[in-house]
Amino acid sequence: MQKMEKLTTNQPLQDEKMRHELALLEAALYVAGRPLTLKELGSILKTRSKKKVKNLAKILMEEYAKRKSALEILELKDERYVLQLKADYTPRVRRLVNRPLLSSGPLKTLSYIAYRQPVSQKKVVEVRGHHAYGHIKLLKEMGLVAGERKGRSTVLRTTEYFADYFGLSHDTATMKRELKRVFEDFSKQEKPKQ
Amino acid sequence: MQKMEKLTTNQPLQDEKMRHELALLEAALYVAGRPLTLKELGSILKTRSKKKVKNLAKILMEEYAKRKSALEILELKDERYVLQLKADYTPRVRRLVNRPLLSSGPLKTLSYIAYRQPVSQKKVVEVRGHHAYGHIKLLKEMGLVAGERKGRSTVLRTTEYFADYFGLSHDTATMKRELKRVFEDFSKQEKPKQ
Amino acid sequence: MSSTTLKKPFYLRPPWNILFEFHKLEKLTPWNVNIAYLLTTFLKEMEKTGQVDFRASGVVLDSSALIYLMKSKLLLKLEEPPPPPKPPQEFLPPPLFLPLRYELTSTTIKHLLEVLDEVLKGEKNLRLKKIAEEPILPTPSEIFPQLDIYLMEIERQMEKLYASLLERVKGAGIIEFSTLVKNVERIEAIRTFILLLFLAQDERVGLWQDEETERIYITVGVSSAENGKINN
Chain R
1 MQKMEKLTTN
11 QPLQDEKMRH
21 ELALLEAALY
31 VAGRPLTLKE
41 LGSILKTRSK
51 KKVKNLAKIL
61 MEEYAKRKSA
71 LEILELKDER
81 YVLQLKADYT
91 PRVRRLVNRP
101 LLSSGPLKTL
111 SYIAYRQPVS
121 QKKVVEVRGH
131 HAYGHIKLLK
141 EMGLVAGERK
151 GRSTVLRTTE
161 YFADYFGLSH
171 DTATMKRELK
181 RVFEDFSKQE
191 KPKQ
Chain E
1 MQKMEKLTTN
11 QPLQDEKMRH
21 ELALLEAALY
31 VAGRPLTLKE
41 LGSILKTRSK
51 KKVKNLAKIL
61 MEEYAKRKSA
71 LEILELKDER
81 YVLQLKADYT
91 PRVRRLVNRP
101 LLSSGPLKTL
111 SYIAYRQPVS
121 QKKVVEVRGH
131 HAYGHIKLLK
141 EMGLVAGERK
151 GRSTVLRTTE
161 YFADYFGLSH
171 DTATMKRELK
181 RVFEDFSKQE
191 KPKQ
Chain V
1 MSSTTLKKPF
11 YLRPPWNILF
21 EFHKLEKLTP
31 WNVNIAYLLT
41 TFLKEMEKTG
51 QVDFRASGVV
61 LDSSALIYLM
71 KSKLLLKLEE
81 PPPPPKPPQE
91 FLPPPLFLPL
101 RYELTSTTIK
111 HLLEVLDEVL
121 KGEKNLRLKK
131 IAEEPILPTP
141 SEIFPQLDIY
151 LMEIERQMEK
161 LYASLLERVK
171 GAGIIEFSTL
181 VKNVERIEAI
191 RTFILLLFLA
201 QDERVGLWQD
211 EETERIYITV
221 GVSSAENGKI
231 NN
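Residue numbers (my numbering), protein chains in the order written: chain R, 1 to 194; chain E, 1 to 194; chain V, 1 to 232.
Chain R with its partners taken away, still in its complex shape (with noise of 0.2 Å):
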């Protein structure tokens, strides 16, 4: 908010303009629901200035994250945004999705493979048991793993959908950091609760 009024204290009119374009852009990050690039997200604001756009985002993003809200503005590896619910809340609120979501156990298969990726199935079903395998075939009709014939096993991996739908790196050695850092976090909530 500073950051805005200190731009904008002379200008008014330029201000509440902005006001409404800020506002265009959640309207568009809302409704989607997914990543929107800045041409997509330009289009919306009815300019071709993708350095517009960007500017617009940051501070969007910096005003979701200064205010304590559930939500949050990503910036994702392409320059697209995305608004989404703060992963901490997910547990507390999943119940009131109005659309099948995939359930604990899936979800654990996919964070192994994400994990340790490339990884064969062979080993996934051995350490996650034999679930695995509807795990691993709902993960792919998903679009959130990949599967690569190796010789006579399949090889596993997460794909860029995956990547960008947690808002991670494509490259998969960053990922697996990333994911460290994530699963750490996670555990670092979760004991004291117990």
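Note that these hints are calculated values from the structure, not bench results.
Here are the simulated DSS-like cross-link-like pairs (lysine-lysine), alpha carbons at most 27 Å apart as the crow flies:
1. 51/E with 68/R
2. 137/R with 137/E
3. 54/E with 68/R
4. 86/R with 58/E
Guided by the hints, dock chains E and V onto chain R, whose structure is given.
Structure of chains E and V alone, referenced to chain R:
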């Protein structure tokens, strides 16, 4: 914000607790995407005090109203609360919305249940074919349809969420009249085209 | 020592007692038992005390064999390759919950009604198909739920037949039943006759039969009073 500060200046811990509760409310309203009752909101906050939930909801509503957001929280007449996009923004961002609620098969089954409700599952399957079992499962998971055992058969009807989604009355008889009327108007409009 | 100890045979005292207490024997590490020493001293003691007891010797033999068996089992076990070292506990990351994002959906009430239109057409076809499959006179238990539809259908067929009769006799006149059902299937002829009965009951046509030829005649567009009644 001012109100909150006044309330909790001397209770930084209390303040933090309240911020967390407000964020939980926001999370619940965001992911549900439909009006939630005080009871539903209370279950997320793990409280049975409707008064407490109501107070928190009011504070959140005011906060949303203060920041010039594209989103608003409204209190409906039956003490339900909803987070939604302000109507002004809909036309500008509508073209980003391209995912249907349901694919055509399940939507057909839903429309039939809505029109004929309360209707036995047997009858639905008879008219819609055996795929309808899967459709009904999905519709139940999505909270659009509810089933009730009556002797040896299951009677299906639509839920309040269904009514809210399509902007219809919660009262079944009224809803059916509304649907019938809209349907007749619709058929009249459609015919000249053919 | 008390007198009871003295009465006990020597071999129930240590170290030989171990050979007589199987439950203890099984718990021992067999390598700690010196069988040769136990057996030699057992024999010497027996000679010395003169307490020769073959049952005791038998038990000693049995116990010795058991200890040897335990030793050999252990030896065989040593031959087996050592179990592979347990792999370090695999780290199982917690479930990765997908970020929740609200997404406005594009389905409107108009879509719902569009598909409803199709579904209701399907329902209607199904109903008609059912009627066609059912016998003309449904079994009594089914009459009631289907009655309206059944009667509606009869009426529709009656109108159709009446219209066709009017056309054939060009407004008013007589037509022979056999002419009416010429080249139609037997079942269709029967259906037509039943419909004629309904029409006759409504006094819209007259039916009569020539007693000699047994031919049936239908009068159309003539008042019922002038018509003959069906002759049996």
